[in-house]
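Listed here are the chains, written in short residue letters.
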Amino acid sequence: MSQTTTQILKRLISTTQSHLRSCTRSVTYMPRPGYNAVKPNTPYTNNGVPRPVTLIPGDGIGPLVTNAVEQVFEAMHAPVTFEKFDVHGNMHRVPDDVMDSIKKTKVCLKGGLVTPVGGGVSSLNLFLRKELDLFVSLVNCFNMDGLPTRHEDVDIVVIRENTEGEYSGLEHEVVPGVVESLKVITKFCSERIAKYAFEYAHLNNRKTVTAVHKANIMKLADGLFLESCREIAKTYPEIKYNEIIVDNCCMQLVSKPEQFDVMVTPNLYGNLVANTAAGIAGGTGVMPGGNVGVEYAIFEQGASAGNVGKPKLVEKKKANPVALLLSSAMMLRHLELPEFADRLESAVKRVIKEGKYRTKDLGGSSTTQEVTDAVISAL
Amino acid sequence: MASQIAKRFLCNHSSIGRTYSSDVIRATLFPGDGIGPEIATSVKQCCREVAEKYPEIKYEEVVIDNCCMMITRLVIVLLYMQLVKNPALFDVLVMPNLYGDIISDLCAGLIGGLGLTPSLNIGEGGIALAEAVHGSAPDIAGKNLANPTALLLSAVSMLRHLGLHDKADRIQDAVLKTIAEGKYRTADLGGSSKTSDFTKAIIDHL
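Residue numbers (my numbering), protein chains in the order written: chain A, 17 to 395; chain B, -6 to 199.
Chain A on its own, in the form it takes in the complex (with noise of 0.2 Å):
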């Protein structure tokens, strides 16, 4: 990272230290991967002048939900304005007025898109990661204040590899009947995805890494990525680095999360265990997460973003916004607007804390728009 970026975190993260103590998980800090570290253009903020940002609404409950995030940043004065764009899982590729947008503003807040089962038409967005080299997946799963779960004490950051891997996209029927598909792990990735993993422990003070991997069934694709996160973790003495195999991983998160911390993965697991962890916290309608690049960052609901539930929710207006005021909350941060992103925080976990408001998929039966008006009256 350049030097003046370092400089502006050690400043943020001190003066959120004192707020650190009062809330009880740490601050999502995503690192900016600086490792071909190019200054972006467009400074980060402008002092005062509205920052475009690029909202995809989505499919689904998705403009539900941002039309939530919308109505909250309005009410808080945040310094972010939305270039809007409409996009539908059942396109053939995102449009290109949507991409140059997002390569212009560099930031993009997005509602889910459908991802078609089967079929030709290949996932929307995997397109966009893998267009834009947003090579990580960060989703937190951790406990809410007010929302009893069968464990407690979860707090687990899950980075994700998200370009290759199992979704390499490479497919092809040998004979009639015999298809074969490619699993892609190279040495470039995976040494820096556990790059990011490890400095995002540094960065937010967590003490463990776990890798999560199948090296003893596939012995040379995931001996790699194992291999580049040993090398990794040996220049960051002060983190404690671990592995553990996928299946007892999922184990040991039903009977104990509260052994993990942050979780390095390749694709495919880190989906798997990203949902798992989200549903043993709370579920996928409040975890916040987002997609990261070099220069890029998307925003979206933590786990299950090809999820954009059934048409009911959508007619009755009763979709969960956490998960995406959350996601938005870390855009904020990643803006470098750390005041805006505490207070929306706090309103958050304040409503879920009241138990008034609550959506049906968290046991009440709130709308989208009581939960929203309860966060803008909260902050």
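Quick caveat, the hints were computed from the structure, so don't treat them as lab data. Check before you lean on any hint, since a few could be wrong.
Said to hold, decoys possible - In silico lysine to aspartate or glutamate, DMTMM-like type, Cα no more than 20 Å apart, as pairs:
1. A:K230 - B:D94
2. B:K78 - A:D169
3. B:K78 - A:D171
4. B:K78 - A:D102
5. B:K78 - A:D377
6. A:K272 - B:D181
7. A:K272 - A:D171
8. B:K78 - A:E168
9. A:K199 - B:D94
10. B:K78 - A:D161
11. A:K272 - A:E259
12. A:K235 - B:D94
13. A:K333 - A:D377
14. A:K332 - A:E355
Just so you know, these numbers come straight off a predicted model, no measurement behind them.
With chain A held as given, fit chain B onto it using these hints.
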């Protein structure tokens, strides 16, 4: 291959009969999540073909959702979420190798751990290998501390495979009764009995 797996599962179910409390045996199919659309289609096709041959077993491809069971496609990530939130929704699960490995361990964690989970590996021509899901546990080997439930229940599945249902039922009832009573429990279930004591208690219940 996929058609053989589907056939085997549905076959076993019709021979075992209603072993589940729900009246309908649902076979739920999981294709991959956005990856392997070709694989998913071929597996689905096979399952559909086989399901037609067993009309008494209700076959669904389901999307798990909080509200209801509509007949649509299932995506595996929703499965993971649902498994940890509401595992009672599921009955029989059919899936490819890797997902099966992960999910079987995940479900083992949900029901109380590896000490209790049996398994049966089935091949062509009726060859079957019954084994416990757990490994060799070198740290407690030779100390009379292990939980025999997993292997006992695997042996029960083996007996069922051989058609000896009454004996299988006897042993299964004895095991479940012993665990339900709670007097003899091995260390992994929170008790302090030895393997030999636990086994004796099961024999007493036969």
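Results of checking the hints against the structure:
For the given pair, K230 (chain A) sits about 10 Å from D94 (chain B) by alpha-carbon distance, which is consistent with the 20 Å threshold. For the hint linking K78 (chain B) to D169 (chain A), the alpha-carbon distance of about 17 Å falls within 20 Å, and the restraint holds. Taken as a hint, the K78 (chain B) and D171 (chain A) pair is honoured in the structure, with Cα atoms around 17 Å apart against an allowance of 20 Å. Between the alpha carbons of K78 (chain B) and D102 (chain A) the distance comes to roughly 33 Å, so the proposed pair goes past 20 Å and is violated.
For the proposed pair K78 (chain B) and D377 (chain A), the alpha carbon gap of about 10 Å is at most 20 Å, so the pair holds. Distance hint between K272 (chain A) and D181 (chain B) is fulfilled; the C-alpha atoms sit about 14 Å from each other, no more than 20 Å. The straight-line distance between the Cα atoms of K272 (chain A) and D171 (chain A) is roughly 12 Å, inside the 20 Å bound, and the hint therefore holds. Distance hint between K78 (chain B) and E168 (chain A) is fulfilled; the C-alpha atoms sit about 15 Å from each other, no more than 20 Å.
Taking the CA atoms of K199 (chain A) and D94 (chain B), the gap is about 17 Å. The hint holds against a cut of 20 Å. For the proposed pair K78 (chain B) and D161 (chain A), the alpha carbon gap of about 18 Å is at most 20 Å, so the pair holds. Straight-line distance between C-alpha atoms of K272 (chain A) and E259 (chain A) comes to about 16 Å, which keeps the hinted pair within the 20 Å bound. Using a Cα cut-off of 20 Å, the hinted pair K235 (chain A) and D94 (chain B) holds, with the two alpha carbons roughly 16 Å apart.
Taking the CA atoms of K333 (chain A) and D377 (chain A), the gap is about 13 Å. The hint holds against a cut of 20 Å. Between the alpha carbons of K332 (chain A) and E355 (chain A) the distance comes to roughly 34 Å, so the proposed pair goes past 20 Å and is violated.
Of the numbered hints given earlier, the model fails hints 4 and 14; all others are met.
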